[in-house]
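Starting from the known structure of chain A, fit chains B and C with the ligands onto it as the hints suggest.
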Amino acid sequence: MAIVRTERHPELPPPVTQTGVIGWMRQNLFSSWFNTILTIVSAYVAYHAIYAFLDFAIINANFAGTSRDDCTLDGACWVFIKQRFGQIMYGFYPEAERWRVDVGYVLGAIGIFLVLSNVVKSKKWPAVYLFIVYPVICYFLFYGGFGLEVVETSQWGGLFLTLVLASVSIFVALPLGIILALGRRSEMPVVRMVCVGFIELIRAVPLISVLFMASVMLPLFLPEGQNFDKLVRALVGMSLFSAAYMAEVVRGGLQALPKGQMEAAKSLGLGYWQSMGLIILPQALKISIPSIVNTFIGLFKDTTLVLIIGLFDLLSVVKAGTQDKDWLGLATEGYVFVAAVFWVFCFGMSRYSIWLENKLHTGHKR
Amino acid sequence: MTADVPGMSEGAKVSPFRDPKVRALFFQILVIVTFLAFVYYIADNTITNLEKRGIASGFDFLSQNSGFDIGIVLFVDYNAQTSTHGDVLLIGIINTLAVSLSGIVLATIIGFVFGVLRLSNNWLVNKIASVYIEVVRNIPLLVQLLFWYLAVLLELPNVRESAKIGESIALNNRGLYFPSIVPEAGFWLIPVAFAVGIIATIFVSRWAHKRQDETGQPFPVISTGFGLILGLPIVAALVMGLPFGFEYPAMGRFNISGGWVVKPEFMALFLGLSIYTGGFIAEIVRSGINAVSHGQTEAANSLGIKPNITMRLIIIPQALRVIIPPLTSQYLNLTKNSSLATAIGYSEIVAIFAGTSLNQTGQAIEIIALTMLFYLTISLIISVFMNWYNSRIALVER
Amino acid sequence: MSEAAKHMNDEVAIQINGMHKWYGEFHVLRDINLSVHRGEKIVVCGPSGSGKSTMIRCINRLEEHQQGQIIVDGIELTNDVKKVDEIRREVGMVFQHFNLFPHLTVLENCTLAPIWVRKTPKEEAEATAMKFLERVKIPEQALKYPGQLSGGQQQRVAIARSLCMNPRIMLFDEPTSALDPEMISEVLDTMISLAEEGMTMVCVTHEMGFAKTVADRVIFMDQGEIIEEAPPEEFFDNPQSERTKLFLSQILHNG
Ligand SMILES: Nc1ncnc2c1ncn2[C@@H]1O[C@H](COP(=O)(O)OP(=O)(O)OP(=O)(O)O)[C@@H](O)[C@H]1O
Ligand SMILES: [Mg+2]
Chain A
10 MAIVRTERHP
20 ELPPPVTQTG
30 VIGWMRQNLF
40 SSWFNTILTI
50 VSAYVAYHAI
60 YAFLDFAIIN
70 ANFAGTSRDD
80 CTLDGACWVF
90 IKQRFGQIMY
100 GFYPEAERWR
110 VDVGYVLGAI
120 GIFLVLSNVV
130 KSKKWPAVYL
140 FIVYPVICYF
150 LFYGGFGLEV
160 VETSQWGGLF
170 LTLVLASVSI
180 FVALPLGIIL
190 ALGRRSEMPV
200 VRMVCVGFIE
210 LIRAVPLISV
220 LFMASVMLPL
230 FLPEGQNFDK
240 LVRALVGMSL
250 FSAAYMAEVV
260 RGGLQALPKG
270 QMEAAKSLGL
280 GYWQSMGLII
290 LPQALKISIP
300 SIVNTFIGLF
310 KDTTLVLIIG
320 LFDLLSVVKA
330 GTQDKDWLGL
340 ATEGYVFVAA
350 VFWVFCFGMS
360 RYSIWLENKL
370 HTGHKR
Chain B
302 MTADVPGMSE
312 GAKVSPFRDP
322 KVRALFFQIL
332 VIVTFLAFVY
342 YIADNTITNL
352 EKRGIASGFD
362 FLSQNSGFDI
372 GIVLFVDYNA
382 QTSTHGDVLL
392 IGIINTLAVS
402 LSGIVLATII
412 GFVFGVLRLS
422 NNWLVNKIAS
432 VYIEVVRNIP
442 LLVQLLFWYL
452 AVLLELPNVR
462 ESAKIGESIA
472 LNNRGLYFPS
482 IVPEAGFWLI
492 PVAFAVGIIA
502 TIFVSRWAHK
512 RQDETGQPFP
522 VISTGFGLIL
532 GLPIVAALVM
542 GLPFGFEYPA
552 MGRFNISGGW
562 VVKPEFMALF
572 LGLSIYTGGF
582 IAEIVRSGIN
592 AVSHGQTEAA
602 NSLGIKPNIT
612 MRLIIIPQAL
622 RVIIPPLTSQ
632 YLNLTKNSSL
642 ATAIGYSEIV
652 AIFAGTSLNQ
662 TGQAIEIIAL
672 TMLFYLTISL
682 IISVFMNWYN
692 SRIALVER
Chain C
669 MSEAAKHMND
679 EVAIQINGMH
689 KWYGEFHVLR
699 DINLSVHRGE
709 KIVVCGPSGS
719 GKSTMIRCIN
729 RLEEHQQGQI
739 IVDGIELTND
749 VKKVDEIRRE
759 VGMVFQHFNL
769 FPHLTVLENC
779 TLAPIWVRKT
789 PKEEAEATAM
799 KFLERVKIPE
809 QALKYPGQLS
819 GGQQQRVAIA
829 RSLCMNPRIM
839 LFDEPTSALD
849 PEMISEVLDT
859 MISLAEEGMT
869 MVCVTHEMGF
879 AKTVADRVIF
889 MDQGEIIEEA
899 PPEEFFDNPQ
909 SERTKLFLSQ
919 ILHNG
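Protein chains in written order, with this note's numbering: chain A, 10 to 375; chain B, 302 to 699; chain C, 669 to 923.
Treat the hints with care, since some could be wrong.
[Said to hold, decoys possible] A few chain B residues that don't get close to chain C, going by computed Cβ distances all over 12 angstroms: (1) Leu331; (2) Tyr342; (3) Ile343; (4) Ile348; (5) Leu398; (6) Leu407; (7) Asn422; (8) Asn427; (9) Asn459; (10) Thr525; (11) Ile683.
[Stated by the list, open to error] The calculated lysine-lysine pairs, modelled on DSS-like cross-linking and capped at a C-alpha distance of 30 angstroms, are: (12) Lys564(B) to Lys334(A); (13) Lys268(A) to Lys751(C); (14) Lys91(A) to Lys334(A).
[What the hints assert, rightly or not] Facing chain B, according to a computed beta carbon distance under 10 angstroms, are these residues of chain C, among others: (15) Thr746; (16) Asn747; (17) Lys750; (18) Val752.
Hint data in this document are derived by calculation from the structure and do not stem from the laboratory.
Even for Gly, the Cβ is constructed at its ideal location relative to N, Cα and C.
Bound-form chain A, shown alone (with noise of 0.2 angstroms):
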């Protein structure tokens, strides 16, 4: 016996029990009575803990006054925070030039903007700009120089310090890192040795020891008289650091690349360092991208290390303030000032790494 169909069965809306709030909660929150008891003894938890964090930071917080007069003390006392505010975003920077550190980030934020948006088509001048220019801009419009007052480094602190010790580790980091990476995969047995060496010397031992190491060992390496001033130093260290990282992120992104790449730009005629600055890194770079931003975030977190060499970054002069005898007490707030201030930059920039990757996943696919 045959069977036809010559109607299409009418589209029917799903049982209740599937959609809706209700469908939703069952399924996620009630879908077996062990469920249900973690649902309730969770949702306690997380009323409890929003509750309390709320209690202290706003409703029972004081944000209106000058002193520690003003602060109750039932919740937290953000007039700390307020009153060195300047303090917290530029150190000991002179009030009267701090309007060039903003200049630098405006100047900043448009060169990233250019280089990581698509409104320019051609990614060149972008890039030429961010890395070549700004930095070349910025050491004159942060130091000094041009009509500009002189602004001695051991004044600059802060969010300010912070920022320049992660971008300019960063900026020294990424085309050390990649030689680097290229040092270790070379032919040459003895580049290869030296770059692993490096490598997994750097990566063994933590970043304080490498800090102090330039902080106390390389006015000693130098010759007498010459000497770099501490935040140099610690720059050295960081950059350092992070470039032993940076290299193993680029080998990665290396070792993903097929070896037909090679063979073709070989092929082609094109030479060693052709293939690798036209076809081998620009791919290599692309695919490392989220990892290159996760070990920022890492790098950016490690800046506050500084706090122990004795540079004021935005965790040691926020600390510094909680041990002022004028404002005793307050280091929760302090803390959690910092600690939101770091979380939502490291916050974001995972989120753009994740979201960088599913880029690239679902371009690879196409």
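Coordinates of chains B and C with the ligands only, in the frame set by chain A:
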């Protein structure tokens, strides 16, 4: 088949400048020479600088008296008047290992718990776990450590207003106090019983494997193991007539004496490291379990294997393969991060040896070299383990 | 060379004398002797792992040989980088997996080498590239990325990319074996038209139809040696060695 071709013999001689092998050799010699020149330059400057500053060199300082006090000393005797910088190094190493190992244990527990919660079907549980992970991973460890130390632990009530559990456990801004165990005659049997329990468990698990292979009968290895490892020491204690007593912390007005105390420096570092690293481990666990495809679960279900056995025999072994390599590198990170103790005054190797000893002797090179050597050794041990593990996995996969 | 066909001249394009190659202890190529005249088309076939790829990759020194001589266009392949560069400029190669540069458009793939190696001005390089893209019948794809093309189109771009360097010799390493059946013919057609123009070609392929129509000589390799070398009619109708017979019976069966 040969045809005479013009220029056949001409190419045989290669100008040395155009031979890549010669070039490579030349370049490598250049690298070595530059490297040696660099080392010589540095060494020369350093020697001159050290002489000018009147700083000694060599490792004699290790046997010189240190002359400073150390906050936390475990397992060894230390006395500022008689002990040496060598002792300081030893204590630094012990303290580093102590906080790292205990941190690793707690971080692993936290990581696995939150990693599994992060995979829960329960929306609320899932969200709570992901908030934990995202908060903890995106705040610098040093900020967290300072928070725990300066904003939480040091802000606890003072000795007089200690928070107490019963009369013998107290928590205040000097630490967590609890009774110590004082061994009496016959105490030795308890650790021995513990060791015997572990060894016996290993044998039982081998025997059980073999028996299951041969007869198909499973054996409850895990509960038997627990029984042996915990039960034997208890039996030993009972047999020897409970050969220990307790010393209770005596609460004075401003001070507490006797008993055991966990200092806030240790606690802050221990908590901070575990909570921070736990967030990273949770992510590793989550992606490890996710990496074992749903297909595997479905295949197991379709074979009629029960869910908990599927988890134990199919999902977990495969997920562990993905999890263990990044997990060990987190352990290494935790150990390296314990050096942040410098900022909160816990006496580990960087704080007391690369800090105080260095300030006193000025022998930066030797001290930093020894410190780095210590970390290098640890990471070498971990990478030897990783190689062993990877080769074992490779064998299994064949 | 008695078997030389009409449109080839006596000039030798590739000469291989007593060439050996080892991978570590493994003797991959044993005593290879071959001479290819200008304009000649050679098809190389043989079982998997017989060393076909290795042999043609030695011709543009993607692999290094350890003994014997390889002379391409009158230049002997030695360690001399300058000569290696010179030969790579004159010898085009097409790979099994296309090896297009995925981060560059089709047009950029084609102009890259002329611009950076031959120092051709960009406009001129683009004009040449468009000419060759028209020849392989995909000028309309010039601004797309390789990932957006079908396999057959990609392989034709790869051929065009090589042609843009104006090579005097083309090497093909199984150019159709990564393609779906319906795309094979479009690539083969391109190769046939290239052959008709008198390009010197060495092709590793198992497309026996192609070998019959285009090849001047077929070379059969097994276990690192050239076992048999004959014009296609003789090779297919009257193979001499047992191994060739076995190989032919296998592929004709399956094909
Ligand atoms: N880089 C290498 N190192 C060691 N052995 C290799 C390497 N490349 C190829 N071989 C070996 O050399 C032999 C010849 O390889 P080749 O790729 O030339 O074979 P083929 O004839 O092209 O085979 P196919 O038809 O499968 O492409 C094979 O046995 C292969 O395993
Ligand atoms: Mg091949």
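Hint by hint, here is what the structure shows:
Distance to chain C confirms Leu331(B) as a non-interface residue, since its nearest Cβ pair spans about 18 angstroms, more than 12 angstroms. Every Cβ of chain C is farther than 12 angstroms from the Cβ of Tyr342(B); the closest lies at roughly 33 angstroms, confirming the non-interface assignment. For Ile343(B), the non-interface assignment is confirmed: its Cβ lies about 35 angstroms from the closest Cβ of chain C, beyond the 12 angstroms cut-off. Listed as outside the interface, Ile348(B) is consistent with that label: its C-beta sits roughly 43 angstroms from the nearest C-beta of chain C, beyond the 12 angstroms cut-off.
At roughly 44 angstroms, the least C-beta separation between Leu398(B) and chain C is larger than 12 angstroms, which holds for a residue marked as non-interface. The claim that Leu407(B) lies off the interface holds: its Cβ sits roughly 46 angstroms from the closest Cβ of chain C, which is beyond the 12 angstroms cut-off. Every beta carbon of chain C lies more than 12 angstroms from that of Asn422(B), the smallest distance being close to 37 angstroms; the non-interface claim holds. Non-interface call for Asn427(B) relative to chain C: holds, since the shortest CB-CB distance, roughly 35 angstroms, exceeds 12 angstroms.
Once the 12 angstroms rule is applied to beta carbons, Asn459(B) is consistent with being away from chain C; the minimum gap is 65 angstroms. Under the 12 angstroms C-beta cut-off, the non-interface status given to Thr525(B) relative to chain C holds; the minimum distance is some 51 angstroms. With 12 angstroms as the threshold on Cβ separation, the claim that Ile683(B) sits away from chain C holds: the shortest Cβ distance comes to roughly 32 angstroms. The suggested pairing of Lys564(B) with Lys334(A) holds, with an alpha-carbon distance near 25 angstroms, which does not exceed 30 angstroms.
A hinted pair counts as satisfied when its Cα atoms are at most 30 angstroms apart, and Lys268(A) with Lys751(C) qualifies at roughly 23 angstroms. About 17 angstroms separates the Cα atoms of Lys91(A) and Lys334(A), which keeps this hinted pair within 30 angstroms; it holds. Checking Thr746(C) against chain B: minimum C-beta separation of about 5 angstroms stays under 10 angstroms; hint holds. At about 4 angstroms, the closest approach between the beta carbon of Asn747(C) and any beta carbon in chain B falls short of 10 angstroms, and the interface hint on this residue holds.
Using the Cβ-Cβ criterion of 10 angstroms, the hint placing Lys750(C) at the interface with chain B is satisfied: the shortest such distance is roughly 5 angstroms. For Val752(C), the interface hint holds, since its Cβ comes within 10 angstroms of a Cβ in chain B; the closest pair sits about 8 angstroms apart.
Checked against the numbered hints above, the structure violates none of them.
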